[in-house]
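Enquirer: Listed here are the chains, written in short residue letters.
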Amino acid sequence: MTTVAAKPAAVAAKPATMAQALGRALRDAMAEDPAVHVMGEDVGTLGGVFRITDGLAGEFGDDRCTDTPLAEAGILGTAVGMAMYGLRPVVEMQFDAFAYPAFEQLVSHVARMRNRTKGRMPLPLTVRVPYGGGIGGVEHHSDSSEAYYMATPGLHVVTPSTVADAYGLLRAAIASDDPVVFLEPKRLYWSKADWNPEHPLAVEPIGRAVVRRSGRSATLITYGPSVPVCLEAAEAARAEGWDLEVVDLRSLVPFDDETVCASVRRTGRAVVVHESGGFGGPGGEIAARVTERCFHHLEAPVLRVAGFDIPYPPPMLERHHLPGVDRILDAVARLQWEAES
Amino acid sequence: MTTVAAKPAAVAAKPATMAQALGRALRDAMAEDPAVHVMGEDVGTLGGVFRITDGLAGEFGDDRCTDTPLAEAGILGTAVGMAMYGLRPVVEMQFDAFAYPAFEQLVSHVARMRNRTKGRMPLPLTVRVPYGGGIGGVEHHSDSSEAYYMATPGLHVVTPSTVADAYGLLRAAIASDDPVVFLEPKRLYWSKADWNPEHPLAVEPIGRAVVRRSGRSATLITYGPSVPVCLEAAEAARAEGWDLEVVDLRSLVPFDDETVCASVRRTGRAVVVHESGGFGGPGGEIAARVTERCFHHLEAPVLRVAGFDIPYPPPMLERHHLPGVDRILDAVARLQWEAES
Amino acid sequence: MKSRSLTVMDQRGTYRPAPPPAWQPRTDAAPLLPDAEPYRVLGTEAARQADPGLLRRLYAELVRGRRYNAQATALTKQGRLAVYPSSTGQEACQVAAALALEDRDWLFPSYRDTLAAIARGLDPVQALSLLRGDWHTGYDPREHRIAPLCTPLATQLPHAVGLAHAARLKGDGVVALAMVGDGGTSEGDFHEALNFAAVWQAPVVFLVQNNGFAISVPLAKQTAAPSLAHKAVGYGMPGRLVDGNDAAALHEVLTEAVRHARAGGGPTLVEAVTYRIDAHTNADDATRYRGDAEVQAWRDHDPIALLARELTERGLLDEEAVRKARDDAEAVAADLRARMNQDPGLDPMDLFAHVYAEPTPQLREQAAQLRAELDAEAEGTATTPEGTGR
Amino acid sequence: MKSRSLTVMDQRGTYRPAPPPAWQPRTDAAPLLPDAEPYRVLGTEAARQADPGLLRRLYAELVRGRRYNAQATALTKQGRLAVYPSSTGQEACQVAAALALEDRDWLFPSYRDTLAAIARGLDPVQALSLLRGDWHTGYDPREHRIAPLCTPLATQLPHAVGLAHAARLKGDGVVALAMVGDGGTSEGDFHEALNFAAVWQAPVVFLVQNNGFAISVPLAKQTAAPSLAHKAVGYGMPGRLVDGNDAAALHEVLTEAVRHARAGGGPTLVEAVTYRIDAHTNADDATRYRGDAEVQAWRDHDPIALLARELTERGLLDEEAVRKARDDAEAVAADLRARMNQDPGLDPMDLFAHVYAEPTPQLREQAAQLRAELDAEAEGTATTPEGTGR
Ligand SMILES: Cc1ncc(C[n+]2csc(CCOP(=O)(O)OP(=O)(O)O)c2C)c(N)n1
Ligand SMILES: Cc1ncc(C[n+]2csc(CCOP(=O)(O)OP(=O)(O)O)c2C)c(N)n1
Ligand SMILES: [Mg+2]
Ligand SMILES: [Mg+2]
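Protein chains in written order, with our numbering: chain A, 2 to 342; chain B, 2 to 342; chain C, 33 to 422; chain D, 33 to 422.
Honestly, the hints are just simulated from the structure, not real lab data.
We put the beta carbon where it would ideally sit given N, CA and C, even for glycine.
Heads up, some of the hints might be wrong.
[What the hints assert, rightly or not] In silico DSSO-like cross-links for lysine-lysine, where the CA-CA straight-line distance does not exceed 30 Å: (1) C/Lys356 with C/Lys202; (2) A/Lys119 with C/Lys109; (3) D/Lys109 with B/Lys15; (4) C/Lys202 with A/Lys119; (5) D/Lys356 with B/Lys119; (6) D/Lys356 with D/Lys109.
[To be verified] Okay, the calculated bits of chain C under chain B, using three or more residues with CB under 8 Å as the criterion: (7) 154-167; (8) 178-189; (9) 212-218; (10) 249-261.
With the hints as constraints, model all of the structure from the sequences given.
Expert: Given below as structure tokens:
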């Protein structure tokens, strides 16, 4: 698994995984604010199937970290009621595809409660969804469902790609007075970075993209599990003479037009990269809005490298589906370099 | 309500509404193929809240047109089982937002059954969803949910804008060996066209867009409820000196790149128009793919006129939300005409 | 399996090993089962013991509620409401639900339950926002402890459970009462809510108004259960079957269920057997799915008439009281009529104000666009300012 | 409301008006209720009457099933399976479910039920496609009348109801048997499926394998019901509680429920009380949530041992038969091992072949792209052909 560098920690830094950073974020949030409650399937005694919530039930008790009955609509629906009463529930969906039973609660209630009540009933609620493939998961365990959430006004949609962001963005999500769908890239759970567990990392504001790598030839616009792949592609591209910039969106909603467009205006070329299926996926929105805003800076159309428009493949075939370095470089090659020179 | 002209009928034509055409399509399909079963809430005795299924229970009996218990996941889930046994269920969801409880069945099963079984278990199943606003519906009765369905590989997504297409496309959907989400624009239910009820209209192939109005200045790419609005805008645009082409997609999946791109290559300018929210909505995909394919033909970026990125407004405010003629003309005006001349 | 005599089952009893270790019944099923017939108070001995003040209060509320339903339906004809789902015939359920609660408790109404919200003290004009179409929820849920009127059926039931659970964790002694129709019991959310409530022993009362129909679909196509109250046993909570047109019986059963919940006894499922006298909404044609005779039979079991008869027999209702109730109801209707005729004074810019705590940059752009359009419209420069879709 | 003595409820009985017109109980609740204790055959008088041939057949299948579970778990260690959810300890449920069905009937397994599919005659290699990861469903559901192994819990239950309903409409005499875990009963789809089944009187049998846990979550956090079988009454169908480690009892109850469904009697809910001896899957650490003592208690109630004891006591099982069963199981395991070590021979182009009956133009483009990549890879021109994400 790719190792992603985080912000350097002050003292006595040691390697931590993204999974640990997420767990730490939950712990710190619970310790700071008694209104924060964690709930979901197997989050208590077991500590979650990915062990993100490990130790929370022990530290804060079953009422703060609760093993619920096995019913996702019920989990999210009761969390809505808890938020209505002033709590800050953090819900874990066990896998991407197992969030679908809660879709109605999410779309019809979570996303609309504040607006419905003219702001009188905000819903501070975080829905953690482990998402994406690359872990050899069997059917229904590797979906990229961000397109559904992006198309639902009223939700924030956030996804980290580094250990530091995992901590900082999850803290910000829990602190937000709005509902946040927090997408955790499963295959980065075991990615590592040095950090100092005594000095937890900063809370990151929601809604700002970051340039993970500066470059001048073209911009790779990406997020979550595809960030390390893009960074790898950018390294490989040097051999071809391309100096690629990599923008990590971090937040799909709100969308940071400013950072993205500043980069594309500089480079004049862009490729959007994500695992989610291409058709109707996030890349269409991103390419369209970049084109609307940067049309006269573009030397070539904004291209997309995405998962195929197919149900997520079985483990033995997933490598053919996932956008990899070669596919990204192929797309970069199609950015009409001849036209420029 | 706007009246849309259908193909001229042979003899004794008289006006029919889109609602009637849909009902007739169901009737004819049921009469031709005993495997076709209609099911949903209130579709039997009542004939549906929009009366689309009026008379079917009387003609074909309760077992062919069935009032189900009130549970959308159950309706779609049992329809899956019926299709597995060789029937061709046509499911009615009462309103757009009330299809969400069935989302998991749709995404996790309906869309995947054929692929999951390597083609051995196709699912010939039609899900009729009345969608969109403009009818003064209270909360949850006016959603445009097509972005969710477009982002789900394995589904066909079809939507008529004329009386003739309502008949022709619904027949094709029911005849299809694949699952089709058939989106019915509620506010066109009472739109009328002349047709001859003795000679039902042709079955339209799924996957082909049509040029509803030819023009040379720019292309309006649209579908469903926005087609009449675009045609109206095209008429109004003549006063401004613009000759607009209007492409009615009819099928969002598969997408007819050929027809759309041929038009845009001719006109050099395009605006995508739909009611669905802009961010993460269908327009992003459409603008992106048109730009990818027609970049050097474009005089201006492909623009989008869409619903705002907000939960659907209450009836008294919906007119401010819906893309109307003025907003379309504003977008056309922003297509950088100066740059050309 | 209609009879339980499986071939060798009769042999049982001779040898009974202990149950396997993981299996123990957690509750005794018998006390969870509802009565075989709906519970009644009016017209029975029990009514003699009921508090006269309560009965008179219920009567006044029912009369006012019926008038409110008639007025709201009339307002749809005048285009003042987008739609109105009447609770005529179900006023006893609506009023009893409201009156069973203390001030600190929460009510979770469905889309049909504006009357319950009003009986709880909510301003009718605020209650009607959703159906008038000026906004979705027209009141502050926290101020009134009334959750938003809920359109997607049964989806507010898990909210009630979560809220009650949170209140219990805080030790606030707050109870939630959630309302759902017979049709709504078929939804998955009903099941999940009741199960969570029972597992958490949440202080929540579920009131099913079984009015015989889900729009046009009769109960027999909705369930094959002995009663909807029987569903309780599958969750390990008590089920109660009540005559939904008997305001006194309802008030007693609901009050007892609320008290039980508050005392830490956990949730109760109450089925109130009633009837919707009006069509589903003003837009519905009920003659398509039911006959006059059936409606008439239920008119003969009218909640107001049942209560009036009891009160009259006991000398608790004189002409004066009847007139007072009627006048009071007329005043409420007149006030509603007058205020619903006023322009709600909407600001289209509100469309962007409450989607998030802070509007996103995208929403700020869109708000600016609408602002410009409205300004242009105000200046009269827009060619066609009116009409849907323009 | 723990005791049913509401203040005035005691007064009832003196006056009992007819129930309101819309309310009639549709079924008598009493026969729907399960027994207070799980039904047993083995070790009881009833076992004496059981068919010796059937008992011996069950024994051989259980032994084979246990060996299959062990082999499949071993294959995960060798990287031949992506994951394996073992049914060790639950073999009696698996085998009885398969054997209760006729050839024309349909089985709807959950993700844990490969053994049931195999006991029904499916090739283990085909059954394991999902868990091996070479495809999702590795067999033709229509050929074997086995629905795809279903990962999202309880979601296949409505499919079973729909299929059974369709079969009934065609008059085919086909029954569907659908399997779900104790955890799965909490899902909305469980509720909706059972309700549809009862309303439609569909010929379907629901088998809940209550193995005490949903991954780590024990039954007490899943439900407060007297038993899961008690849920049946809320749908108006009979509920049956069976010892899930007693193959003879299960076979009898399931066969009877299938017969009842085939005869037009409608659905039955069967709860089999059993235990998962292995961890949830090879990836799970069961020591985090349960103790050895509990596992040992269940080992003492082992389905194979229970059956072997009965057979031995009746002189129906000699060493020869034991050895034959074991040899047979070993042969099956060896065959499975050998075949799972073979390359499944996958064609990546299959990714595009079955999404639709006809690939969309978009999929044709994407297939061409992958084809070109694969060709380049084959020619060795690709720089880094291997590895996830490349
Ligand atoms: C999830 C959902 N599905 C469908 C509808 C459409 N609908 C509105 S009312 C209604 C019938 C409700 O019946 P019931 O629950 O008995 O309540 P009642 O109308 O009788 O008060 C239906 C199907 C809805 N509002 N929500
Ligand atoms: C809808 C859904 N939610 C969550 C999961 C993840 N998951 C897989 S197995 C399991 C526990 C299942 O428990 P139970 O139903 O008792 O079956 P068992 O594993 O004991 O056979 C969970 C939560 C899933 N597969 N589907
Ligand atoms: Mg009803
Ligand atoms: Mg289990």
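Enquirer: All the hints need checking, so say for each whether the structure fits it.
Expert: Hints and how they fare:
no., hint, result
1, C/Lys356 with C/Lys202, "violated, 43 Å"
2, A/Lys119 with C/Lys109, "holds, 28 Å"
3, D/Lys109 with B/Lys15, "violated, 72 Å"
4, C/Lys202 with A/Lys119, "holds, 27 Å"
5, D/Lys356 with B/Lys119, "violated, 38 Å"
6, D/Lys356 with D/Lys109, "holds, 28 Å"
7, 154-167, "holds (count 7)"
8, 178-189, "holds (count 3)"
9, 212-218, "holds (count 3)"
10, 249-261, "holds (count 4)"
Violated hints for the displayed structure, listed by number in ascending order: 1, 3, 5.
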